[in-house]
Amino acid sequence: MSAPKRSSSFFFLLPLLGFLAIAGFLLKGLWLDPREIPSPLIDKPAPAFRLESLDAPGRVIDSKDMLGKVWLLNTWASWCVSCREEHPVLVDFARTAAVPIVGLNYKDTRVDGMRWLAQFGNPYVVSAFDEAGRVGIDYGVYAVPETFLIDKQGVVRFKQIGPVTPELLHDTLLPLIQRLNA
Amino acid sequence: MNDIARDAGGRGRGWAPWAGVRGAWLLAAWLCVLAPGLAAAKEAPEVGDDPAAERHMLTLAAELRCLQCQNQTLADSNAPLAVDLRQEIRELIAKGQTDAQIKAYLGARYGDFVFYRPPLQSNTLLLWFGPALVLVAGMSALYITLKRRLAQPEAPRDLSDAEARRAQHLLDDDAEEGSLS
Amino acid sequence: MIPEIGNFSLMVATAVALVLGTLPIVGAARGNVRWMALARPASRVLFLLVVVAASCLWASLLHDDFSVEYVATVSARALPLQYKVAAFWGGHEGSMLLWLLILSFWMFAVSVFSTHLPREMIARILGVMGLIAMGFLLFIILTSNPFGRLLPGVPDGNDLNPLLQDPGMVAHPPMLYMGYVGFSVAFAFAIAALLGGNLDATWARWSRPWTTVAWTFLTVGICLGSAWAYYTLGWGGWWFWDPVENASFMPWLAGTALMHSLAVTEKRSGFKVWTVLLAIFAFSLSLLGTFLVRSGVLTSVHAFASDPRRGVFILIFLGVVIGGSLALFAWRAPKVGLGERFEIVSRESMLLANNVLFLAAAACVLLGTLYPLMLDSLGLGKISVGPPYFDAVFVPLMAPALFLMGIGPLARWRKANLPEIAARLKWAAGVSVLCAVAVPLLEGRWSVMVACGVLLATWIFCSTVVNLWSRLRPADGGQIGAKFAALPRGYLGMLTAHVGVAVFIVGVTLVKGYEVEKDVRMDVGDTVAIGPYTARFVGTSEGSGPNYLYLRGQFEMLRGDKLVRTMFPEKRKFASKDEPMTNAAIAPSIGGDLYVSMGEPVSQTAWVVRVYYKPFVDWIWGGCLVMACGGVLALSDRRYRLSQRRSAEEVSAAGATA
Numbered sequence: 039m040s041a042p043k044r045s046s047s048f049f050f051l052l053p054l055l056g057f058l059a060i061a062g063f064l065l066k067g068l069w070l071d072p073r074e075i076p077s078p079l080i081d082k083p084a085p086a087f088r089l090e091s092l093d094a095p096g097r098v099i100d101s102k103d104m105l106g107k108v109w110l111l112n113t114w115a116s117w118c119v120s121c122r123e124e125h126p127v128l129v130d131f132a133r134t135a136a137v138p139i140v141g142l143n144y145k146d147t148r149v150d151g152m153r154w155l156a157q158f159g160n161p162y163v164v165s166a167f168d169e170a171g172r173v174g175i176d177y178g179v180y181a182v183p184e185t186f187l188i189d190k191q192g193v194v195r196f197k198q199i200g201p202v203t204p205e206l207l208h209d210t211l212l213p214l215i216q217r218l219n220a
Numbered sequence: 756m757n758d759i760a761r762d763a764g765g766r767g768r769g770w771a772p773w774a775g776v777r778g779a780w781l782l783a784a785w786l787c788v789l790a791p792g793l794a795a796a797k798e799a800p801e802v803g804d805d806p807a808a809e810r811h812m813l814t815l816a817a818e819l820r821c822l823q824c825q826n827q828t829l830a831d832s833n834a835p836l837a838v839d840l841r842q843e844i845r846e847l848i849a850k851g852q853t854d855a856q857i858k859a860y861l862g863a864r865y866g867d868f869v870f871y872r873p874p875l876q877s878n879t880l881l882l883w884f885g886p887a888l889v890l891v892a893g894m895s896a897l898y899i900t901l902k903r904r905l906a907q908p909e910a911p912r913d914l915s916d917a918e919a920r921r922a923q924h925l926l927d928d929d930a931e932e933g934s935l936s
Numbered sequence: 041m042i043p044e045i046g047n048f049s050l051m052v053a054t055a056v057a058l059v060l061g062t063l064p065i066v067g068a069a070r071g072n073v074r075w076m077a078l079a080r081p082a083s084r085v086l087f088l089l090v091v092v093a094a095s096c097l098w099a100s101l102l103h104d105d106f107s108v109e110y111v112a113t114v115s116a117r118a119l120p121l122q123y124k125v126a127a128f129w130g131g132h133e134g135s136m137l138l139w140l141l142i143l144s145f146w147m148f149a150v151s152v153f154s155t156h157l158p159r160e161m162i163a164r165i166l167g168v169m170g171l172i173a174m175g176f177l178l179f180i181i182l183t184s185n186p187f188g189r190l191l192p193g194v195p196d197g198n199d200l201n202p203l204l205q206d207p208g209m210v211a212h213p214p215m216l217y218m219g220y221v222g223f224s225v226a227f228a229f230a231i232a233a234l235l236g237g238n239l240d241a242t243w244a245r246w247s248r249p250w251t252t253v254a255w256t257f258l259t260v261g262i263c264l265g266s267a268w269a270y271y272t273l274g275w276g277g278w279w280f281w282d283p284v285e286n287a288s289f290m291p292w293l294a295g296t297a298l299m300h301s302l303a304v305t306e307k308r309s310g311f312k313v314w315t316v317l318l319a320i321f322a323f324s325l326s327l328l329g330t331f332l333v334r335s336g337v338l339t340s341v342h343a344f345a346s347d348p349r350r351g352v353f354i355l356i357f358l359g360v361v362i363g364g365s366l367a368l369f370a371w372r373a374p375k376v377g378l379g380e381r382f383e384i385v386s387r388e389s390m391l392l393a394n395n396v397l398f399l400a401a402a403a404c405v406l407l408g409t410l411y412p413l414m415l416d417s418l419g420l421g422k423i424s425v426g427p428p429y430f431d432a433v434f435v436p437l438m439a440p441a442l443f444l445m446g447i448g449p450l451a452r453w454r455k456a457n458l459p460e461i462a463a464r465l466k467w468a469a470g471v472s473v474l475c476a477v478a479v480p481l482l483e484g485r486w487s488v489m490v491a492c493g494v495l496l497a498t499w500i501f502c503s504t505v506v507n508l509w510s511r512l513r514p515a516d517g518g519q520i521g522a523k524f525a526a527l528p529r530g531y532l533g534m535l536t537a538h539v540g541v542a543v544f545i546v547g548v549t550l551v552k553g554y555e556v557e558k559d560v561r562m563d564v565g566d567t568v569a570i571g572p573y574t575a576r577f578v579g580t581s582e583g584s585g586p587n588y589l590y591l592r593g594q595f596e597m598l599r600g601d602k603l604v605r606t607m608f609p610e611k612r613k614f615a616s617k618d619e620p621m622t623n624a625a626i627a628p629s630i631g632g633d634l635y636v637s638m639g640e641p642v643s644q645t646a647w648v649v650r651v652y653y654k655p656f657v658d659w660i661w662g663g664c665l666v667m668a669c670g671g672v673l674a675l676s677d678r679r680y681r682l683s684q685r686r687s688a689e690e691v692s693a694a695g696a697t698a
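Chains as they are written, first to last, in this note's numbering: chain A, 39 to 220; chain B, 756 to 936; chain C, 41 to 698.
For reference, chain A alone in the conformation it holds in the complex:
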C-alpha cells in the first residue's frame, strides 16, 4: 500500500517536544510554593509609619527614627500560632544585639499583646501597635509572622514570610546584616 510522502517528520516530534517542555516546568514547580508571594518592596523604600507604642499609648514610634541604622521589623500577634515558633529564636537573637528588632503588633489588642510579651519574652526594642492593620497593608503583610530587613537608608532589603528559623538567621540574615553595616 503506497502512501503519499509526508512533508516532514519533524512535525511529528513537536507534540513530544512540547510535552517535555511542560514536564520540565512541572518538575521545577514541585519545589516551588505557589502561595509564596515575593515582596514588591524589596530594594524600595520602606513605607513610613507613625504608630503608638504598644506599652505606652502616648509614645509615638516613627519609622524615620530608624534611619542610619540597619534594623529588623517583625510583625507578630498574640493570636498567631506560628509566631510562638519563631519567638524564642528572636529572643535569643535579640540578646546578641546584632540589630535592633522593632515589633509590629498586627491587629491585636493592647492587653493581649502585652500579656503575650510578658509570657514569651520581649526581643523588641519597641513594639508599634498597628490595631487596624493599615501599616501591615502598606508593608504587604498577608501571613503573620513576616520579617523585614531594612538598611540605613530605609530601603527594604529582605523579607521573610513565615517564622524566622535559626538557619535563616545564620545563613541569610546575619551575612546580609554584616554587609549592610559595612
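The hints are simulated quantities; they were obtained by calculation from the structure and are not laboratory data. Heads up, a few of these hints could be off.
Residues from chain B shown here face chain A by an in silico Cβ test under 8 Å; the list is partial [what the hints assert, rightly or not]:
#, residue
1, L822
2, C824
3, L836
4, D839
5, L840
6, E843
7, K858
8, G866
For every residue, glycine included, the Cβ atom is placed at its ideal position computed from N, Cα and C.
Model the placement of chains B and C on the given structure of chain A, informed by the hints.
Quick look at chains B and C alone, frame taken from chain A:
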C-alpha cells in the same frame, strides 16, 4: 458587607447563637421584636453608606485575589485581610481615586499576584497573545496542509478480494444511513 | 483484617497488571496466540481484585474502623451513611483507589464488549490499559495506600469536610472519573493502532462508541460539579476557571475534538494521524489534571494536600505514559497513509477547523493554568491568571466554532456547496439576527455581549432545525413520522448535542447579562425588591441536623402581593469546623433562580443578606444534560449493535488485511 457586622461587635466570625444562654436570649429577643417589627417593616437598605460605591468596590474586588484564602476573590472572601482590603478600597474610592490608581496602590504592596487579570507587561505578552498566535498558526497550518494535499495526485489503489468484501459491507452500512452523520 | 485483605488484593492486582501489560503486547508482536489470549481473562481478574480492595475500604468506612488512618481522616461516627460511602473518595488515597476501580471497570467493559475485535488489537488495547493500571497500583501501594493503619486507633474520626457533605459529593467525582478515565480506552485504541500499524476506518468505528460514552460521562461530571458549586458555595458562582476545574475541562475540549475527528476517520478514512494524536492528547490531559490536583504545584480550592514525593512519582508516570505515547506517535505516525481527498471547503475541512479551534481553546486554558508556574520557575515573577483572563480569551476563540456548528452539518463530504448552504440557511440567519436584537430589548437592557450570545445560540438552533427539516420534508414523499423513525440515532444524537450547546449559551449569556444581586441589611419584616419578586424577611429559627446545628432564616417571596414561595437559607455549624457554613436557599425555575444567602448578623435580629435573581441560569446545566442526552442517543445507534452480529465476518476480513 462584613464591616458592619464587625462594628456591631466581635470580628463577625465564629458566631454561635445556639451557645446556651446567648441562644435563649436571641430567641427571646426574636419573639419580642417580631410583633412591633412587622409594624415597622421597611424596604431593606443596601449595605454600605453609598450603594453605588459599594458596587464599584465589589466590581474591583471581584478581579482581585484574597491572599489569605485558597483561590477566592477579594469580593467573596470572609478572611480578615479581605475585609480590611475591601475597606481600604472603599476609602480610596471615596477619596476619588481611579481604578488604575487603586490597582497600582494594591500592586505596590502585594505585587502582581493580587490581580486575577494579569497586567499586560513584558512577562505576560506570551500569555495574552499566545491564544491568538496558536489559532493563527493552527489555521495556517490547516490551510497549507490542505492545499498541499490537493496538489498531490491521488494514488490509484487496487483492492484485494478481502478488501473488496469489506468495502461492500461498509458501503451497505453507509447506504442505510445516507450521508447524514 | 479487612484492610489487610484489601492491601493484599492490591498487591496481587499489581502482579496481574504486570502480566497483562507485557505478555499480550509482546504476544501480539510475535503472533503468540496463548499470550494474546491472556488479555481478556487477566483484565477480568484485575477488575475482580480491585473490586475486592475497594469493598474492603468501603467496609472499613461503614464499620467506622478508625484504626485505618484514611478512615479516621475522612469519616466520623455521626457521618450519615451516604457520606460514609462518598468518603471513599473524600481524600487523596481513596480517590486514587476510585481512579483505579474505574480504570479496571473500563478494562472489564472492553474485555466484554470486544468480541468483534481481532485478537492482536484486543491484546494490545488491554495490555496498554494494564500498564496504566500497573502504574496506578504502584503509586497507590508505594505512596498513597488507603489501608495504612493508625494504631492504636482513635475513638472517632476527623469527619468529612462539611462542604463535602452533600449529594453533589456522592455523584460528581464518580461521574467525572468515569469520563476522564474513560478516555484511557480511546487512548489504548490509539496506541494499539500505532503499535499494530493498522490505522483505518474500522479502527475508528470501534473506537467511537468508547469515546462517546467517556465524553458523555465527563459532560455530566463537569455539569454536576458546576451545579454543586453554585448551590453550595453561597455566592452564586458556577465556574471559576480554578486550576482543578480547568483540569477537567481540557480533556473535555480535546475529547470533543476527538469525537468529531473520529467521525471523519470512520466515514472517510481521513485525519487518521490527527485522530490518533487527539486520542493521546485527551487522555494525557486527564493524567495531567490528576497531577495538577495532587502535587501542590498550583493553588486551588479543590486541591488535595500536596507532597512533592507524590508529585515526582506522578510526573515520572506522566513521562512514561505521555512521553512514551508521543514518542511512539513520532515514530509510527509518519508511515500512516492519508485518507480520501477533500476540497478546501468541505465537511472534512470544517471538522478539521473545529478540531483546530477546540484544540486551540484547550491550549489556551492550559497556557493560562500553567503560566504562573512557568513564570515562577523561570524566576520571571509571580502573577495570577484568573477568570478575567479566561473569559476574555476563551469566548472569542470558541465563537467561530459555534458559528461553524451551523454550517458544518449541512456541508457535503469531499466538496461543500457554499452557495447552496447559504441559501438554505438564509432564514436561520435572519431569525438569529432578529432574536439577537429583540431578546436584549425584551429583557430590559440592550448589550452587545447578550446580543452576540443570543445570535450564536439561535443560529445553532435554527440551522439544526433546517437540517432536520430537510430530512423530514414531505415533498420527497413518505410520512414524516416514518421518516423520523428511520433517522439514524447517531444523527439525532448530533442534533441533540448541538441543541444542548445552544441551550447552554442561552443560559450563560442571559445570566451574565441580567442577573441582579443585592447585599442588604434586613431586619425582621424588611423587604427588598429583587428582579420581578419582593423578598420579605420573616425571622429565624434554630434546630439540629444529623451532625450539625443550624440557624434557619425564613424569607417569603412575593410577586406583587401574592406569596409565591417561602425560602429557608441556613447557617450550619459542624463540630469539626470553626466557621459556620452557609447554605443558600435556591428556588429554581425555567425562567430563573431566586437565591437567598445569609451573611453575618448585625444585631440581635438583623442580618446582612445576599439576594440574587438569576434569569435562565438552569439552562446552563440543562444544556449540558441535553448534550449528554445527545451522546446517549448516538451510542444507541443501530450500527453498534449490528457490529456484534457481523463480528465473525469482520474479524476474518480484518485479519486478512492487518
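Going through the hints against the structure:
A cut of 8 Å between beta carbons decides the hint on B/L822: the least distance to chain A is about 4 Å, and the hint holds. A cut of 8 Å between beta carbons decides the hint on B/C824: the least distance to chain A is about 10 Å, and the hint is violated. Given hint, B/L836 at the interface with chain A, holds; its Cβ is 6 Å from that chain's nearest Cβ, closer than 8 Å. Taking 8 Å as the C-beta contact cut-off toward chain A, the hint placing B/D839 at the interface holds, the least distance being around 5 Å.
For B/L840, the shortest C-beta to C-beta distance to chain A is roughly 7 Å, which falls under 8 Å, so the interface hint holds. Hint on B/E843 holds. Least Cβ distance to chain A is approximately 6 Å, under the 8 Å limit. Of the supplied interface hints, the one on B/K858 is violated, with its beta-carbon coming no nearer than about 13 Å to a beta-carbon of chain A, more than 8 Å. For B/G866, the shortest C-beta to C-beta distance to chain A is roughly 4 Å, which falls under 8 Å, so the interface hint holds.
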